[in-house]
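Asks: Each chain, letter by letter, is given below.
Number of protein chains: 2
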Amino acid sequence: MKVAIQGEAGSFSYEAAKRMVPGCSIVACARSREVFDRLERGSVNAAVIPIENSLAGSVAEHFDLLLARNVSIQREYRLRIVHNLIAAPGVKMKGIRRVYSHPVALDQCRDFFRAHPKIEAMPFYDTAGSVKHVMENGLNDAAGIAGRQAAAVYKGRILAAGIEDDKKNFTRFFLIRKGRRIVPGGKKTSIAFRVKNVPGALFKALSVFALRDISLTKIESRPMRGRPWEYVFYADLLCGDDKVARNALRHLAEIASPVKVLGVYRSA
Amino acid sequence: MKVAIQGEAGSFSYEAAKRMVPGCSIVACARSREVFDRLERGSVNAAVIPIENSLAGSVAEHFDLLLARNVSIQREYRLRIVHNLIAAPGVKMKGIRRVYSHPVALDQCRDFFRAHPKIEAMPFYDTAGSVKHVMENGLNDAAGIAGRQAAAVYKGRILAAGIEDDKKNFTRFFLIRKGRRIVPGGKKTSIAFRVKNVPGALFKALSVFALRDISLTKIESRPMRGRPWEYVFYADLLCGDDKVARNALRHLAEIASPVKVLGVYRSA
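First to last, the protein sequences are chains A and B.
For the first sequence, counting from 1, position 64 maps to 64 in the numbering used here; every step adds exactly one.
For the second sequence, counting from 1, position 63 maps to 63 in the numbering used here; every step adds exactly one.
One chain only, chain A, in its complex shape (with noise of 0.2 Å):
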């Protein structure tokens, strides 16, 4: 099974993939748009992409493609976050002087950089390439910082490992593929919808769900992509395919328009 990422081989997403679909093999894109061509394509029979960050928040970019793509949602899995100080065999700790790695994760590990006061931080552009970087250009005085797996796909050594500040750090993933496909026995859905701009138009459009005792676990506006200041809603709800699901869902689409459902999947 094909499975697209966005970002390089040995990547968090990738260690997602890994984990959701074992034994899979990884199609490494340089962006996110080309991780949901593919899957429309065909070239792949499914993607993962990151979704949400416990300390960062929402990746907005995925939510509107999820909306604006032919794609659904098949599960949703949740990564904690290590960061790992990783460079050639045989560099020690003592010889480095530089440290390259996604600015996300170099600020996600500031203890490590005040402990080390004479070693730079250089920003990168993911946090596995720059593990890659490292190894390809036998850099001996250097290092990357990644998840375990860059570690591995690169042979590279962790020099030390868990150097992040905070270690509630999880990362949520989605397994999508192409089509509207409803996973059997799911009981999480995920939506998005817009509702007029008028006032108690969002209150309206939950009543569908609370009148019902379904669970909303996540909601969130966004402004509407090349509309700014317009704004659609993603929701998150504890509700399977079910008769009682249906109708909520008929009854959203009389207060709201459109309305999309981005996946019924089995929850982490």
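Hints were generated in silico from the structure; no laboratory data involved.
Any given hint could turn out to be false.
[As the list claims (entries may be wrong)] As a list, the in silico EDC-like pairs of lysine to aspartate or glutamate whose alpha-carbon atoms are at most 20 Å apart:
(1) A:Lys204 with B:Asp213
(2) B:Lys118 with B:Glu61
(3) A:Lys155 with A:Asp141
(4) A:Lys218 with B:Glu61
(5) A:Lys178 with A:Glu61
(6) A:Lys218 with A:Asp241
(7) B:Lys178 with B:Asp107
(8) B:Lys168 with B:Asp107
(9) B:Lys218 with A:Glu61
(10) A:Lys118 with A:Glu76
(11) A:Lys167 with B:Glu61
(12) B:Lys167 with A:Glu61
(13) A:Lys196 with B:Asp165
(14) B:Lys204 with A:Asp213
(15) B:Lys196 with A:Glu61
(16) A:Lys168 with B:Asp165
[Stated by the list, open to error] Partial list, derived from the structure: chain A residues whose beta carbon lies under 10 Å from chain B:
(17) Ser58
(18) Leu206
(19) Ser215
(20) Asn247
Heads up, the beta-carbon is just placed ideally off N, CA and C, and yes, glycines get one too.
The hints should help you fit chain B onto chain A, whose structure is shown.
Replies: Frame of chain A, contents of chain B only:
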């Protein structure tokens, strides 16, 4: 008046601060936390922070800090994000081999790099910081991508203006001050609140506004910092500090706890 921002002089926050408080002196901070620390300590009079970008979504860390700290929103401002290619005076486009900027800015200028395949995109910490780097090191084969203010601050020259792919790129900024300060005549209110994780809880919470014809212009659930997958809601309301609004908030406090008013301010 001293205004703290996160990032370098010449950044988009710098531009927003200069427009919101003409003639202010800017205190540039490396981290957002430092901006809030300075404000609470009283070493600056105010701060200007980005809260939401029309393409990239909310700045999650700033919502978390608004909730945690003793500050309040005084005003909002919408800045159109225009990216410019900025180099040292005398440097010509055809001499440029590397372009530095923040990865998000580089990503928003893909068409430029596609049109100039010989130019390498180099990730950097900060948009304005990339221009500072190019100017301070006298690089004559490199440029930075940043707002026009960066050219003015570091005495660079704009070689190409408006090179961002998507022109509908806006960022919403807040001017914040220490303590609880309601802006007289303010017609917009931002709040944060937590509800129990039971069906219909959010619906009940929103009823306090719907039943009083108070419009919501934004709502977002965020995992609570340090407690992944427990959610706090952020909402923007079209109401000021009048009797009806105060009743609505008292009503909300019966259902949600805690409820924090992040600010009552004039809308952009």
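Asks: Confirm or reject each hint.
Replies: So, going through the hints one by one against the coordinates:
no. : hint                   : verdict
1   : A:Lys204 with B:Asp213 : holds, 12 Å
2   : B:Lys118 with B:Glu61  : violated, 37 Å
3   : A:Lys155 with A:Asp141 : holds, 17 Å
4   : A:Lys218 with B:Glu61  : holds, 18 Å
5   : A:Lys178 with A:Glu61  : holds, 18 Å
6   : A:Lys218 with A:Asp241 : holds, 18 Å
7   : B:Lys178 with B:Asp107 : violated, 35 Å
8   : B:Lys168 with B:Asp107 : holds, 15 Å
9   : B:Lys218 with A:Glu61  : holds, 18 Å
10  : A:Lys118 with A:Glu76  : violated, 41 Å
11  : A:Lys167 with B:Glu61  : holds, 16 Å
12  : B:Lys167 with A:Glu61  : holds, 16 Å
13  : A:Lys196 with B:Asp165 : violated, 29 Å
14  : B:Lys204 with A:Asp213 : holds, 12 Å
15  : B:Lys196 with A:Glu61  : violated, 29 Å
16  : A:Lys168 with B:Asp165 : violated, 36 Å
17  : Ser58                  : holds, 6 Å
18  : Leu206                 : holds, 5 Å
19  : Ser215                 : holds, 4 Å
20  : Asn247                 : violated, 16 Å
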